[in-house]
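On the provided structure of chain C, position chain E as indicated by the hints.
2 protein chains.
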Amino acid sequence: MLQSQLFTKTKREAPKDEEAINARLLIRAGFIDKLMAGVYTFLPLGWKVLNRIEDIVREEMDKAGGQEIFMPALHSKENWETTGRWKSFDALFKLKSRSSADFALGPTHEEIIYPLLKHYISSYKDLPVYLYQIQTKFRDEPRVKSGLLRGREFRMKDLYSFHTDDKDRDKYYDVMRKAYHRIFQRIGIEVIDADASGGTFSELSLEFQVISEAGEATIFVCEQCKFGLNEEIITASPVQCPKCGGKTKKEKGIEVGNIFPLKEKFAQDFNLTFKDKNGKDKFVSVGCYGLGTSRLMGTIVEVCHDAQGIIWPEAVAPYDIHLLNISEKQKATSDKIYNSLQKAGVEVLYDDRQDISAGEKFAEADLIGIPYRLVISEKTGNKIEIKKRNENKTKLFTEKELIKLLRNTNKIRKYEK
Amino acid sequence: MLQSQLFTKTKREAPKDEEAINARLLIRAGFIDKLMAGVYTFLPLGWKVLNRIEDIVREEMDKAGGQEIFMPALHSKENWETTGRWKSFDALFKLKSRSSADFALGPTHEEIIYPLLKHYISSYKDLPVYLYQIQTKFRDEPRVKSGLLRGREFRMKDLYSFHTDDKDRDKYYDVMRKAYHRIFQRIGIEVIDADASGGTFSELSLEFQVISEAGEATIFVCEQCKFGLNEEIITASPVQCPKCGGKTKKEKGIEVGNIFPLKEKFAQDFNLTFKDKNGKDKFVSVGCYGLGTSRLMGTIVEVCHDAQGIIWPEAVAPYDIHLLNISEKQKATSDKIYNSLQKAGVEVLYDDRQDISAGEKFAEADLIGIPYRLVISEKTGNKIEIKKRNENKTKLFTEKELIKLLRNTNKIRKYEK
Chain C
11 MLQSQLFTKT KREAPKDEEA INARLLIRAG FIDKLMAGVY TFLPLGWKVL
61 NRIEDIVREE MDKAGGQEIF MPALHSKENW ETTGRWKSFD ALFKLKSRSS
111 ADFALGPTHE EIIYPLLKHY ISSYKDLPVY LYQIQTKFRD EPRVKSGLLR
161 GREFRMKDLY SFHTDDKDRD KYYDVMRKAY HRIFQRIGIE VIDADASGGT
211 FSELSLEFQV ISEAGEATIF VCEQCKFGLN EEIITASPVQ CPKCGGKTKK
261 EKGIEVGNIF PLKEKFAQDF NLTFKDKNGK DKFVSVGCYG LGTSRLMGTI
311 VEVCHDAQGI IWPEAVAPYD IHLLNISEKQ KATSDKIYNS LQKAGVEVLY
361 DDRQDISAGE KFAEADLIGI PYRLVISEKT GNKIEIKKRN ENKTKLFTEK
411 ELIKLLRNTN KIRKYEK
Chain E
11 MLQSQLFTKT KREAPKDEEA INARLLIRAG FIDKLMAGVY TFLPLGWKVL
61 NRIEDIVREE MDKAGGQEIF MPALHSKENW ETTGRWKSFD ALFKLKSRSS
111 ADFALGPTHE EIIYPLLKHY ISSYKDLPVY LYQIQTKFRD EPRVKSGLLR
161 GREFRMKDLY SFHTDDKDRD KYYDVMRKAY HRIFQRIGIE VIDADASGGT
211 FSELSLEFQV ISEAGEATIF VCEQCKFGLN EEIITASPVQ CPKCGGKTKK
261 EKGIEVGNIF PLKEKFAQDF NLTFKDKNGK DKFVSVGCYG LGTSRLMGTI
311 VEVCHDAQGI IWPEAVAPYD IHLLNISEKQ KATSDKIYNS LQKAGVEVLY
361 DDRQDISAGE KFAEADLIGI PYRLVISEKT GNKIEIKKRN ENKTKLFTEK
411 ELIKLLRNTN KIRKYEK
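If you read the protein sequences in the order shown, they are chains C and E. For the first sequence, this note's numbering begins at 11 and goes up steadily by one. For the second sequence, this note's numbering begins at 11 and goes up steadily by one.
Isolated chain C, as found in the complex (with noise of 0.2 Å):
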């Protein structure tokens, strides 16, 4: 991508109007635009760093045995009666059609998979099913002031597993935990496991949670073996690790992702039954697995960051490389050097710009936090200047030398791994 034809620019001052790091980064970078409180555009930049995430949740999700499908964002106002919940349910959006019929803009999505699912199910045989989505996911929450951390709208997965009974279900439980423990290691961030509470519907819950000033949650994390508690489950004082009786330490987190068993509350409102092999009806047994991908994506900046702007994890980073042309006298090498890059397979942000001084291209790539710098100058002669985001000490590659690299690994950022 040529830097002069991308449609977003950076800009020099943090929006006045956000207090939250990844807000003010990604405004200033031009990954999102916001439109009003807890509600953004993302941009090219933003939309390719998010679409990275994703897909990296699609492939773990698919690798499970997970079916994607997409569910509706408008739900009817029967089905939020049918659970209770579309009295008990505060952040659920409520509108009226024409017809003067009663919608609800999706938060979850138990309503609509439980009954969808009643289309389907009948006998032991048609279970375990793991369906899952990506999707754009609505909340009235009353505090908007995170960024992406927390949004009235919001993307997130969600992946619901069908059982003939508990046991199944908790040893599915257990192969998504790791799935998600891969989701984090891949994109290359650490990530806590917190028992926490289940809320209404669900014994317990495990929390991923991520250790940052930004967290809403407070956890004790274990200092031995790393393990977390949410607060909100905590009985006694000093706080002891339940898994290896370990001293804890308090630390704010914010909750990328939880899973919980349901309890049978959602299969007896909607009397989601199977026959079992002796022909008896019984109740399906139900996981939920959640994950907000935008979340993710604020607290990768939360954490992946300096005084200078975004630092991006090599698997989610927008363009693999940032190609700068600083000098005229070089601009046939540079463009020579992009062209081989794409041809190469590798993907490319390319400040090709003119009239813009060395320090400030220096400047935005800082800003933007793509994980190579490539720079072609007078000073580096036929050799080009390597550098990574988070490293200050610089390389000098021939192009051969860089194109054999490429040819070796298709990707330059393998390379040093």
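To be clear, the hints were calculated from the coordinates, so they are not data collected in a lab. One or more of the hints may lead you astray.
[Unchecked claim] Below 27 Å or equal to it, Euclidean Cα-Cα: the simulated DSSO-like pairs (lysine-lysine) are:
1. E:Lys-135 / E:Lys-292
2. C:Lys-371 / E:Lys-285
3. C:Lys-346 / C:Lys-405
4. E:Lys-259 / E:Lys-236
5. C:Lys-128 / E:Lys-87
6. C:Lys-97 / E:Lys-44
7. E:Lys-346 / C:Lys-73
8. E:Lys-339 / E:Lys-353
9. E:Lys-26 / C:Lys-128
10. E:Lys-353 / C:Lys-73
11. C:Lys-275 / C:Lys-97
12. E:Lys-285 / C:Lys-26
13. E:Lys-346 / E:Lys-292
14. C:Lys-97 / C:Lys-128
15. C:Lys-104 / E:Lys-87
16. C:Lys-135 / E:Lys-341
17. C:Lys-371 / C:Lys-398
18. C:Lys-19 / E:Lys-135
19. E:Lys-21 / C:Lys-285
20. E:Lys-73 / C:Lys-104
21. E:Lys-21 / C:Lys-292
22. E:Lys-73 / C:Lys-341
23. E:Lys-104 / C:Lys-44
24. C:Lys-287 / E:Lys-341
25. C:Lys-135 / C:Lys-87
26. E:Lys-21 / C:Lys-128
27. C:Lys-177 / C:Lys-285
28. C:Lys-371 / C:Lys-393
29. C:Lys-21 / E:Lys-285
30. C:Lys-135 / C:Lys-177
31. C:Lys-346 / C:Lys-398
32. C:Lys-21 / E:Lys-287
33. C:Lys-21 / C:Lys-73
34. E:Lys-181 / C:Lys-19
35. E:Lys-44 / C:Lys-87
36. C:Lys-73 / C:Lys-181
37. E:Lys-393 / E:Lys-405
[To be verified] Which residues of chain E face chain C? A partial, calculated answer using Cβ under 10 Å:
38. Met-11
39. Lys-21
40. Val-49
Keep in mind it's a predicted model, so treat the numbers as computed, not measured. Ideal Cβ placement from N, Cα and C applies to all residues, glycine included.
Positioned in the frame of chain C, the structure of chain E alone reads:
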């Protein structure tokens, strides 16, 4: 995909509450599930088809220089009041938050993209810009009886192009018209260009109409050059073709896309200006290009089906091949072929189910409508029977021949092209 693992099953009967052919077939075959009138869940097969359609649309928009973004569904009342459409847009869904702020649910995005552009456009050097999104939209439709053809919640691609003057916009208008033609050509459905009224905000518009009895539009199609005229702009009788003077025929059409230049109204409302070369403030010139992706999916079913079921065009089919094992004795051979095809990169739905008769499997395959059906049975011996969904004749291949074919072409479906 093993059909024994597929979440959905086909249904013997069409749903009683659906009249439209697309809804009846898509529900029976397990592509969509109805939540309520005009609101559907996309099931695994249906979500795959919609993704294939949207990927083609995305590729063509990217080729035309479009930059993908993702705007919110929740809109502020303020922006809709600025254009006067809070009151005048009949199909606008409105809702109130707990804080008693009013929101609209996006049925179109002029109210969002014009203010967004104001954050990034100031000089003629920033233009032209082409931005698009593929997204869920909401309209409070009074009539929602046509399945995916007219929904309260539907998927749409909308691109907005911003230019320094109308001449540049008109040039791009033609680029888009050609991009639309490539989309329909790649999908393999015949589409008529039709002049239509531009509504309130444009002088005229160009509609892309698919001839079908299920259509709501009446168009006069030239018998010679195939150009169309929407009945709404007809002034004389008999209707002559404005392009070639030929005779026209009255037809029903489904409008799958429309493109139109926007008058200055929105630019004035939001004061979206730029400085021209002489430093003078001018309003931007804007074009708008819509394409209903879920409606297109419904339209394909309306025009591509027979008494037995759907006949998906190859480009958007959920799988390339439907492999049926109809003989227990040949199960091992079928499994082997399935693995070979998968290794060759072919997407296969493999009907590996036991206790289902051959007749039922054939009927289900016809209903689902995957382009190529492969059968391995005792009758075919070591050979594999290949049949196209829209042809009656079958061919016999050895596994070796099949694999050789696949090695050469990667996709068996290309072999007759």
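Outcome of the hint check:
no.: 1; hint: E:Lys-135 / E:Lys-292; in the structure: holds, 13 Å
no.: 2; hint: C:Lys-371 / E:Lys-285; in the structure: holds, 24 Å
no.: 3; hint: C:Lys-346 / C:Lys-405; in the structure: holds, 20 Å
no.: 4; hint: E:Lys-259 / E:Lys-236; in the structure: holds, 10 Å
no.: 5; hint: C:Lys-128 / E:Lys-87; in the structure: violated, 38 Å
no.: 6; hint: C:Lys-97 / E:Lys-44; in the structure: holds, 24 Å
no.: 7; hint: E:Lys-346 / C:Lys-73; in the structure: holds, 21 Å
no.: 8; hint: E:Lys-339 / E:Lys-353; in the structure: holds, 23 Å
no.: 9; hint: E:Lys-26 / C:Lys-128; in the structure: holds, 17 Å
no.: 10; hint: E:Lys-353 / C:Lys-73; in the structure: holds, 17 Å
no.: 11; hint: C:Lys-275 / C:Lys-97; in the structure: holds, 16 Å
no.: 12; hint: E:Lys-285 / C:Lys-26; in the structure: holds, 26 Å
no.: 13; hint: E:Lys-346 / E:Lys-292; in the structure: violated, 67 Å
no.: 14; hint: C:Lys-97 / C:Lys-128; in the structure: holds, 24 Å
no.: 15; hint: C:Lys-104 / E:Lys-87; in the structure: holds, 16 Å
no.: 16; hint: C:Lys-135 / E:Lys-341; in the structure: holds, 20 Å
no.: 17; hint: C:Lys-371 / C:Lys-398; in the structure: holds, 15 Å
no.: 18; hint: C:Lys-19 / E:Lys-135; in the structure: holds, 12 Å
no.: 19; hint: E:Lys-21 / C:Lys-285; in the structure: holds, 19 Å
no.: 20; hint: E:Lys-73 / C:Lys-104; in the structure: violated, 40 Å
no.: 21; hint: E:Lys-21 / C:Lys-292; in the structure: holds, 23 Å
no.: 22; hint: E:Lys-73 / C:Lys-341; in the structure: holds, 25 Å
no.: 23; hint: E:Lys-104 / C:Lys-44; in the structure: holds, 20 Å
no.: 24; hint: C:Lys-287 / E:Lys-341; in the structure: holds, 26 Å
no.: 25; hint: C:Lys-135 / C:Lys-87; in the structure: violated, 32 Å
no.: 26; hint: E:Lys-21 / C:Lys-128; in the structure: holds, 14 Å
no.: 27; hint: C:Lys-177 / C:Lys-285; in the structure: holds, 17 Å
no.: 28; hint: C:Lys-371 / C:Lys-393; in the structure: holds, 19 Å
no.: 29; hint: C:Lys-21 / E:Lys-285; in the structure: holds, 19 Å
no.: 30; hint: C:Lys-135 / C:Lys-177; in the structure: holds, 16 Å
no.: 31; hint: C:Lys-346 / C:Lys-398; in the structure: holds, 21 Å
no.: 32; hint: C:Lys-21 / E:Lys-287; in the structure: holds, 23 Å
no.: 33; hint: C:Lys-21 / C:Lys-73; in the structure: violated, 40 Å
no.: 34; hint: E:Lys-181 / C:Lys-19; in the structure: holds, 26 Å
no.: 35; hint: E:Lys-44 / C:Lys-87; in the structure: holds, 15 Å
no.: 36; hint: C:Lys-73 / C:Lys-181; in the structure: holds, 16 Å
no.: 37; hint: E:Lys-393 / E:Lys-405; in the structure: holds, 10 Å
no.: 38; hint: Met-11; in the structure: holds, 9 Å
no.: 39; hint: Lys-21; in the structure: holds, 9 Å
no.: 40; hint: Val-49; in the structure: holds, 5 Å
Hints 5, 13, 20, 25, 33 from the earlier list are contradicted by this structure; the remaining hints agree with it.
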